[in-house]
Amino acid sequence: MTDSNYVYEKGTIFVAPGGGAAPTPLSPGAANQALFANPDSDLGVEWGVGSAMGNVVGPISSTAHHLASFADTTGELLEDSGIAKAAVALGPMSSTAHHLAAFSGTDGVTLEDSGVLTANVVQGPASTVDNTVPRFDTTSGKLLQSSPVTMADTTGAMTFPSGGGTILTAGAGSAERKGSFTFNGSGTHTKILTTAAVTGCVIVYTVVSLGTVTTAQAILTTIDSGVGFTPVSADGTDSSVVNWAIVA
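To get my numbering, take the position in the sequence shown, counting from 1, and add 314.
In case anyone wonders, no lab produced these hints; they're calculated from the structure.
A portion of the hints provided could be inaccurate.
Quick list of the computed label-pair ranges, beta carbon to beta carbon [to be verified]:
hint	residue 1	residue 2	range
1	A530	H412	53 to 59 Å
2	L349	S428	47 to 53 Å
3	N445	S395	36 to 42 Å
4	V436	S539	39 to 45 Å
5	L391	P475	56 to 62 Å
6	S341	V370	23 to 29 Å
7	M407	N369	33 to 39 Å
We put the CB at the ideal spot given by N, CA and C, even for glycine.
The whole structure should be built from the sequences, with the hints applied where relevant.
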(Lines of atoms letter the chains of each structure in order from A and count residues from 1; the text may use other names and numbers.)
(Lines give C-alpha, C1' and ligand atoms only; values in the text may rest on other atoms or scores of the structure.)
Protein backbone atom coordinates (compact mmCIF):
# COMPACT_ATOMS: atom_id res chain seq x y z
CA MET A 1 0.00 0.00 0.00
CA THR A 2 1.09 3.62 -0.36
CA ASP A 3 0.48 7.03 1.09
CA SER A 4 1.76 10.39 -0.04
CA ASN A 5 5.11 9.91 1.74
CA TYR A 6 6.10 6.20 1.60
CA VAL A 7 5.79 3.03 -0.44
CA TYR A 8 5.38 0.09 1.97
CA GLU A 9 6.87 -3.34 1.36
CA LYS A 10 4.66 -6.28 0.57
CA GLY A 11 3.57 -7.93 3.79
CA THR A 12 3.80 -4.82 5.94
CA ILE A 13 1.13 -4.71 8.60
CA PHE A 14 -0.05 -1.87 10.79
CA VAL A 15 -0.19 -2.34 14.52
CA ALA A 16 -1.73 -0.04 17.10
CA PRO A 17 1.03 0.90 19.54
CA GLY A 18 -1.44 1.82 22.25
CA GLY A 19 -1.95 5.07 24.05
CA GLY A 20 -4.13 6.41 21.27
CA ALA A 21 -1.23 6.68 18.84
CA ALA A 22 -1.74 6.09 15.15
CA PRO A 23 -1.21 2.57 13.77
CA THR A 24 2.45 1.92 13.12
CA PRO A 25 3.75 -0.17 10.22
CA LEU A 26 5.52 -3.42 11.07
CA SER A 27 7.83 -4.51 8.28
CA PRO A 28 7.32 -8.04 6.92
CA GLY A 29 9.27 -10.85 8.52
CA ALA A 30 11.70 -13.23 6.90
CA ALA A 31 10.67 -16.47 5.23
CA ASN A 32 8.99 -18.95 7.59
CA GLN A 33 8.92 -16.50 10.49
CA ALA A 34 5.73 -16.18 12.50
CA LEU A 35 4.12 -13.24 14.21
CA PHE A 36 4.12 -13.71 17.95
CA ALA A 37 3.24 -11.60 20.96
CA ASN A 38 6.02 -9.83 22.82
CA PRO A 39 4.66 -7.36 25.38
CA ASP A 40 8.15 -5.93 25.87
CA SER A 41 8.46 -4.77 22.26
CA ASP A 42 7.33 -1.32 21.05
CA LEU A 43 4.31 -2.68 19.20
CA GLY A 44 3.59 -5.73 21.39
CA VAL A 45 4.16 -8.13 18.51
CA GLU A 46 7.11 -9.01 16.31
CA TRP A 47 8.32 -11.49 13.74
CA GLY A 48 10.57 -14.40 14.59
CA VAL A 49 10.70 -17.44 16.84
CA GLY A 50 9.73 -16.73 20.42
CA SER A 51 9.62 -18.82 23.59
CA ALA A 52 6.13 -20.02 22.71
CA MET A 53 7.03 -20.87 19.14
CA GLY A 54 8.69 -23.98 17.79
CA ASN A 55 9.95 -25.38 14.54
CA VAL A 56 8.61 -28.93 14.81
CA VAL A 57 7.66 -30.49 11.47
CA GLY A 58 5.30 -33.42 11.05
CA PRO A 59 5.08 -36.07 8.32
CA ILE A 60 3.24 -35.57 5.04
CA SER A 61 0.57 -38.02 6.24
CA SER A 62 -0.24 -40.20 9.22
CA THR A 63 -2.87 -42.60 10.52
CA ALA A 64 -5.78 -40.97 12.33
CA HIS A 65 -5.58 -41.11 16.13
CA HIS A 66 -1.98 -42.32 16.17
CA LEU A 67 0.37 -40.65 18.64
CA ALA A 68 3.21 -38.54 17.29
CA SER A 69 6.81 -39.20 18.31
CA PHE A 70 10.16 -37.61 17.51
CA ALA A 71 11.82 -39.20 14.48
CA ASP A 72 15.38 -38.23 15.40
CA THR A 73 17.40 -36.40 18.05
CA THR A 74 16.93 -32.85 16.72
CA GLY A 75 13.65 -32.31 18.55
CA GLU A 76 12.19 -30.87 15.37
CA LEU A 77 10.96 -33.81 13.27
CA LEU A 78 7.84 -35.79 14.15
CA GLU A 79 6.68 -39.16 12.82
CA ASP A 80 3.66 -41.42 13.16
CA SER A 81 4.50 -43.59 16.19
CA GLY A 82 2.18 -46.37 15.07
CA ILE A 83 0.56 -46.34 18.53
CA ALA A 84 -3.16 -45.72 18.56
CA LYS A 85 -4.52 -43.33 21.17
CA ALA A 86 -7.02 -45.99 22.23
CA ALA A 87 -4.15 -48.38 23.03
CA VAL A 88 -2.50 -46.07 25.55
CA ALA A 89 -2.84 -47.14 29.18
CA LEU A 90 -4.72 -44.74 31.43
CA GLY A 91 -3.82 -44.44 35.09
CA PRO A 92 -5.92 -43.32 38.06
CA MET A 93 -6.28 -39.68 39.08
CA SER A 94 -4.03 -40.37 42.08
CA SER A 95 -2.00 -43.19 43.57
CA THR A 96 0.40 -43.92 46.39
CA ALA A 97 4.05 -43.21 45.64
CA HIS A 98 6.15 -46.26 44.75
CA HIS A 99 3.15 -48.56 44.31
CA LEU A 100 3.06 -50.82 41.26
CA ALA A 101 0.37 -50.27 38.66
CA ALA A 102 -1.99 -53.09 37.68
CA PHE A 103 -4.77 -53.49 35.14
CA SER A 104 -8.13 -52.79 36.76
CA GLY A 105 -10.18 -54.67 34.17
CA THR A 106 -9.95 -56.70 31.00
CA ASP A 107 -9.68 -53.81 28.52
CA GLY A 108 -5.89 -53.82 28.73
CA VAL A 109 -5.63 -50.04 29.03
CA THR A 110 -7.11 -49.00 32.39
CA LEU A 111 -4.64 -49.04 35.27
CA GLU A 112 -5.11 -48.88 39.02
CA ASP A 113 -2.92 -48.66 42.12
CA SER A 114 -2.09 -52.30 42.97
CA GLY A 115 -1.22 -51.52 46.57
CA VAL A 116 2.08 -53.39 46.13
CA LEU A 117 5.22 -51.45 47.01
CA THR A 118 8.10 -51.67 44.56
CA ALA A 119 10.34 -52.33 47.58
CA ASN A 120 8.43 -55.57 48.21
CA VAL A 121 8.87 -56.98 44.71
CA VAL A 122 10.98 -60.12 44.47
CA GLN A 123 13.52 -60.07 41.64
CA GLY A 124 14.81 -63.08 39.78
CA PRO A 125 18.11 -63.58 37.93
CA ALA A 126 18.70 -62.40 34.37
CA SER A 127 18.66 -66.02 33.22
CA THR A 128 18.28 -69.48 34.71
CA VAL A 129 18.31 -73.18 33.87
CA ASP A 130 14.98 -74.57 32.68
CA ASN A 131 12.88 -76.34 35.34
CA THR A 132 15.09 -75.33 38.28
CA VAL A 133 13.34 -74.53 41.56
CA PRO A 134 13.96 -70.92 42.69
CA ARG A 135 15.30 -70.10 46.13
CA PHE A 136 16.05 -66.89 48.01
CA ASP A 137 19.51 -65.39 47.58
CA THR A 138 20.78 -63.51 50.69
CA THR A 139 18.54 -62.62 53.63
CA SER A 140 16.76 -59.66 52.02
CA GLY A 141 13.75 -61.70 50.96
CA LYS A 142 13.72 -59.81 47.66
CA LEU A 143 16.26 -61.64 45.50
CA LEU A 144 15.80 -65.06 43.89
CA GLN A 145 18.37 -67.35 42.33
CA SER A 146 18.34 -70.73 40.61
CA SER A 147 18.82 -73.75 42.84
CA PRO A 148 20.43 -77.04 41.79
CA VAL A 149 17.05 -78.75 42.26
CA THR A 150 14.91 -79.34 39.16
CA MET A 151 11.24 -80.26 38.76
CA ALA A 152 9.98 -82.16 35.73
CA ASP A 153 7.31 -80.46 33.61
CA THR A 154 4.74 -83.25 33.48
CA THR A 155 5.43 -85.62 36.38
CA GLY A 156 6.52 -83.09 38.98
CA ALA A 157 9.51 -85.28 39.82
CA MET A 158 12.12 -83.30 41.76
CA THR A 159 15.78 -84.14 41.20
CA PHE A 160 18.54 -83.11 43.58
CA PRO A 161 22.25 -82.83 42.77
CA SER A 162 24.61 -85.76 43.26
CA GLY A 163 24.47 -86.97 46.85
CA GLY A 164 21.17 -85.21 47.48
CA GLY A 165 18.92 -88.05 46.39
CA THR A 166 15.77 -87.89 44.31
CA ILE A 167 12.27 -87.15 45.55
CA LEU A 168 9.41 -88.29 43.37
CA THR A 169 5.90 -86.94 43.65
CA ALA A 170 2.70 -88.66 42.60
CA GLY A 171 2.88 -90.09 39.13
CA ALA A 172 -0.03 -91.31 37.09
CA GLY A 173 -1.48 -94.66 36.07
CA SER A 174 1.09 -97.42 35.93
CA ALA A 175 3.77 -95.09 37.31
CA GLU A 176 1.85 -94.13 40.45
CA ARG A 177 4.16 -93.04 43.27
CA LYS A 178 1.72 -92.72 46.15
CA GLY A 179 -1.52 -94.29 47.22
CA SER A 180 -3.39 -96.10 49.98
CA PHE A 181 -4.26 -99.69 50.83
CA THR A 182 -6.00 -101.68 53.60
CA PHE A 183 -4.66 -104.90 55.04
CA ASN A 184 -7.21 -107.69 54.64
CA GLY A 185 -7.44 -108.69 58.33
CA SER A 186 -4.70 -111.25 57.98
CA GLY A 187 -1.92 -108.68 57.63
CA THR A 188 -1.51 -109.11 53.89
CA HIS A 189 -2.38 -107.26 50.71
CA THR A 190 -2.12 -108.10 47.05
CA LYS A 191 0.78 -106.72 45.02
CA ILE A 192 0.42 -102.98 44.40
CA LEU A 193 1.26 -102.42 40.75
CA THR A 194 3.46 -99.45 39.90
CA THR A 195 6.49 -99.23 37.63
CA ALA A 196 7.96 -96.67 40.04
CA ALA A 197 8.76 -99.50 42.47
CA VAL A 198 12.30 -100.52 41.58
CA THR A 199 15.15 -102.19 43.39
CA GLY A 200 16.68 -99.78 45.90
CA CYS A 201 13.74 -97.38 46.01
CA VAL A 202 12.48 -96.02 49.33
CA ILE A 203 8.82 -96.54 50.24
CA VAL A 204 7.38 -94.62 53.18
CA TYR A 205 4.28 -95.93 55.00
CA THR A 206 1.89 -93.91 57.16
CA VAL A 207 -0.78 -95.76 59.14
CA VAL A 208 -3.94 -93.65 59.06
CA SER A 209 -6.26 -96.16 60.81
CA LEU A 210 -5.17 -99.03 63.07
CA GLY A 211 -8.08 -101.34 62.35
CA THR A 212 -7.79 -104.53 64.42
CA VAL A 213 -4.38 -103.76 65.94
CA THR A 214 -3.67 -101.38 68.82
CA THR A 215 -0.34 -100.06 67.57
CA ALA A 216 1.22 -99.56 64.16
CA GLN A 217 3.00 -102.68 63.00
CA ALA A 218 6.18 -103.12 61.03
CA ILE A 219 5.51 -103.61 57.33
CA LEU A 220 7.69 -105.97 55.37
CA THR A 221 7.94 -105.15 51.68
CA THR A 222 8.82 -107.28 48.69
CA ILE A 223 9.69 -105.30 45.56
CA ASP A 224 9.13 -106.70 42.10
CA SER A 225 11.35 -104.20 40.28
CA GLY A 226 9.51 -102.23 37.62
CA VAL A 227 6.26 -104.04 38.37
CA GLY A 228 5.16 -103.28 41.93
CA PHE A 229 5.55 -104.13 45.60
CA THR A 230 3.80 -106.37 48.13
CA PRO A 231 3.34 -105.14 51.74
CA VAL A 232 2.95 -107.61 54.63
CA SER A 233 2.17 -106.60 58.23
CA ALA A 234 4.09 -108.08 61.15
CA ASP A 235 0.69 -108.81 62.73
CA GLY A 236 -1.30 -111.59 61.10
CA THR A 237 -4.61 -109.97 62.08
CA ASP A 238 -3.82 -106.49 60.84
CA SER A 239 -6.57 -104.58 59.00
CA SER A 240 -4.94 -101.14 59.16
CA VAL A 241 -5.42 -98.50 56.50
CA VAL A 242 -2.01 -97.37 55.23
CA ASN A 243 -0.86 -94.55 52.96
CA TRP A 244 2.30 -95.14 50.96
CA ALA A 245 4.70 -93.01 48.93
CA ILE A 246 7.82 -93.77 46.93
CA VAL A 247 10.15 -90.92 47.89
CA ALA A 248 13.51 -92.01 46.51
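A quick look at each hint next to the structure:
At roughly 55 Å, the beta-carbon separation of A530 and H412 lies within the given 53 to 59 Å, and the hint holds. Judged by the Cβ atoms, the range 47 to 53 Å given for L349 and S428 holds: they are separated by roughly 50 Å. For the hinted restraint 36 to 42 Å between N445 and S395, the CB-CB distance of approximately 40 Å keeps it satisfied. Remark: the range hint 39 to 45 Å for V436 to S539 is upheld by a beta-carbon distance near 43 Å.
Checked against the hint of 56 to 62 Å, the C-beta distance between L391 and P475 comes to roughly 57 Å, which is consistent with it. For the pair S341 and V370, the beta carbons lie near 27 Å from each other, so the given range of 23 to 29 Å is met. Hint check: M407 to N369, Cβ distance near 35 Å, so the stated range 33 to 39 Å holds.
When the structure is compared with the earlier hints, no violation turns up for any of them.
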